[in-house]
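Which chain is which? The protein sequence lines are A and B, in order.
Using the numbering used here, you'd call the opening residue of the first sequence number 643 and step up by one each time.
Using the numbering used here, you'd call the opening residue of the second sequence number 643 and step up by one each time.
FYI, nobody ran anything at the bench for these hints, they're computed from the structure.
Mixed in with the good hints there might be a few duds.
Note that the list lumps identical chains together, so a pair holds whenever it fits in one copy or between two copies.
Claimed, not checked - Capping the alpha-carbon separation at 27 Å, the derived lysine-lysine pairs in DSS-like fashion look like this:
hint, residue 1, residue 2
1, Lys-691, Lys-821
2, Lys-789, Lys-805
3, Lys-789, Lys-802
Number of protein chains: 2
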Amino acid sequence: MVKKAVCLISGGLDSSVTSFIAKERGFDIYALSFTYGQRHEKETLCAKKIAKTVGAKDHVVLDVDLGKFGGSSLVDRSSGSIPIHDMNDIGNKIPSTYVPARNTVFLSLALAYAETIDADAIFIGINAVDYSGYPDCRPIYIEAYQKMANLATKKGVEGKPIKIEAPLLHLTKSEIIQKGKDLNAPFENTWSCYRGEKIACGQCDSCLLRLKGFKDAGVKDPLKYETLPEWYRK
Amino acid sequence: MVKKAVCLISGGLDSSVTSFIAKERGFDIYALSFTYGQRHEKETLCAKKIAKTVGAKDHVVLDVDLGKFGGSSLVDRSSGSIPIHDMNDIGNKIPSTYVPARNTVFLSLALAYAETIDADAIFIGINAVDYSGYPDCRPIYIEAYQKMANLATKKGVEGKPIKIEAPLLHLTKSEIIQKGKDLNAPFENTWSCYRGEKIACGQCDSCLLRLKGFKDAGVKDPLKYETLPEWYRK
Numbered sequence: 643m644v645k646k647a648v649c650l651i652s653g654g655l656d657s658s659v660t661s662f663i664a665k666e667r668g669f670d671i672y673a674l675s676f677t678y679g680q681r682h683e684k685e686t687l688c689a690k691k692i693a694k695t696v697g698a699k700d701h702v703v704l705d706v707d708l709g710k711f712g713g714s715s716l717v718d719r720s721s722g723s724i725p726i727h728d729m730n731d732i733g734n735k736i737p738s739t740y741v742p743a744r745n746t747v748f749l750s751l752a753l754a755y756a757e758t759i760d761a762d763a764i765f766i767g768i769n770a771v772d773y774s775g776y777p778d779c780r781p782i783y784i785e786a787y788q789k790m791a792n793l794a795t796k797k798g799v800e801g802k803p804i805k806i807e808a809p810l811l812h813l814t815k816s817e818i819i820q821k822g823k824d825l826n827a828p829f830e831n832t833w834s835c836y837r838g839e840k841i842a843c844g845q846c847d848s849c850l851l852r853l854k855g856f857k858d859a860g861v862k863d864p865l866k867y868e869t870l871p872e873w874y875r876k
Numbered sequence: 643m644v645k646k647a648v649c650l651i652s653g654g655l656d657s658s659v660t661s662f663i664a665k666e667r668g669f670d671i672y673a674l675s676f677t678y679g680q681r682h683e684k685e686t687l688c689a690k691k692i693a694k695t696v697g698a699k700d701h702v703v704l705d706v707d708l709g710k711f712g713g714s715s716l717v718d719r720s721s722g723s724i725p726i727h728d729m730n731d732i733g734n735k736i737p738s739t740y741v742p743a744r745n746t747v748f749l750s751l752a753l754a755y756a757e758t759i760d761a762d763a764i765f766i767g768i769n770a771v772d773y774s775g776y777p778d779c780r781p782i783y784i785e786a787y788q789k790m791a792n793l794a795t796k797k798g799v800e801g802k803p804i805k806i807e808a809p810l811l812h813l814t815k816s817e818i819i820q821k822g823k824d825l826n827a828p829f830e831n832t833w834s835c836y837r838g839e840k841i842a843c844g845q846c847d848s849c850l851l852r853l854k855g856f857k858d859a860g861v862k863d864p865l866k867y868e869t870l871p872e873w874y875r876k
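All chains, please: the whole structure from these sequences, using the hints.
Following this line, the structure appears as structure tokens:
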């Protein structure tokens, strides 16, 4: 019997590569994406393209309006503009783009989906290297989540726990891009920019991390950017 | 400074009593309820009344369409009618009304809310005595959730963990009703029936547990029922 995996697909680069890893490992893929008061719909469009390209058996797009709680600049339009940082600032502290308990919310909805369809695993594209500032991107967090999930679910109680798979956890952005290239992940259908313009800004934290990854991997990023940092152009 | 608590209020008896316990302990209450493809809106109406009566500072009602995943009879209208059981059957195995990972989903959204508003605790009305069939109603599950939550959140990392409070965990239904009576919780504004009719059925698992609790506590249930079991009328 073919194994089933729920893949959290945001439309970003990491979750897209993650879904191709799940496919490589032989899973039937059930994609799960969220709309949650983002500034833009671009990510959801990319998520749909990725789910299609990876051959997902189904794709649930769930609206979870985290904006009702207020909070982070990623969900709350009133709390000021997306910050622009220097590369050196990234990862030193919990950034203002941190969305409270976001991975916990997403994993928990994936867990509900996985248990409903009797899936064997959940794939999530979190990464501890480039996002060390986020508490819910750490290996110790994933371990604790797995223990909780084993106790929370019928499948866990019956000795068939749903495995939380975070295959990018210890990879650098450049290694993630190399892996995606090997698996023919369509980078042109991924979106990283925190802003919702037609063209990626090339200035926000997320664009900078992405561009640095492509630069380090020696791979050309197929996306168009409004401006490119000087170190990328060199 | 007054402490803040996010209270999960379903409109049922247990979560209502729980919110009055949070109030008794001196917390400012931020109510959180969900609409999730229920068969009826009755619970949400009750949740609103309870939030008002308990003096909640705010009440967020979030739509989370778990029905998109399919599954349990509580969320999936297509999976057959609500089962009617004998009292002796309840709690012996995982019931068909079990909603996959429901408490994990609800606690995780409460965690996001709590971290956003800088709350100190989350109150949830789960109970291990009458709901032993549900894996996510066990003390061991709550402990594991607490550990995960401490690692997931900015507040946890900063040494000010958000405490998961489940004050009904070890109480019988009859003790919960006694506690609610002591705190003047308005039982008439709570709803337990799995069906969405104007009057509670008095036959489903949830009605039976409620009625047995009132009977054992020697308190009169102010709700009207379509039919009452013989043992209650005696």
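Structure-based check of each hint:
When the C-alpha separation of Lys-691 and Lys-821 is checked against a cutoff of 27 Å, the pair qualifies only within one copy, where the shortest distance is 19 Å, while the shortest distance between copies is 54 Å. Taking the closest pair of Cα atoms, Lys-789 and Lys-805 come within 27 Å of each other both inside a single copy (10 Å) and across two copies (18 Å). For the homomeric pair Lys-789 and Lys-802, the shortest alpha-carbon distances inside one copy (13 Å) and between copies (22 Å) are both at most 27 Å.
Every hint, counting from the list given before, is met by this structure.
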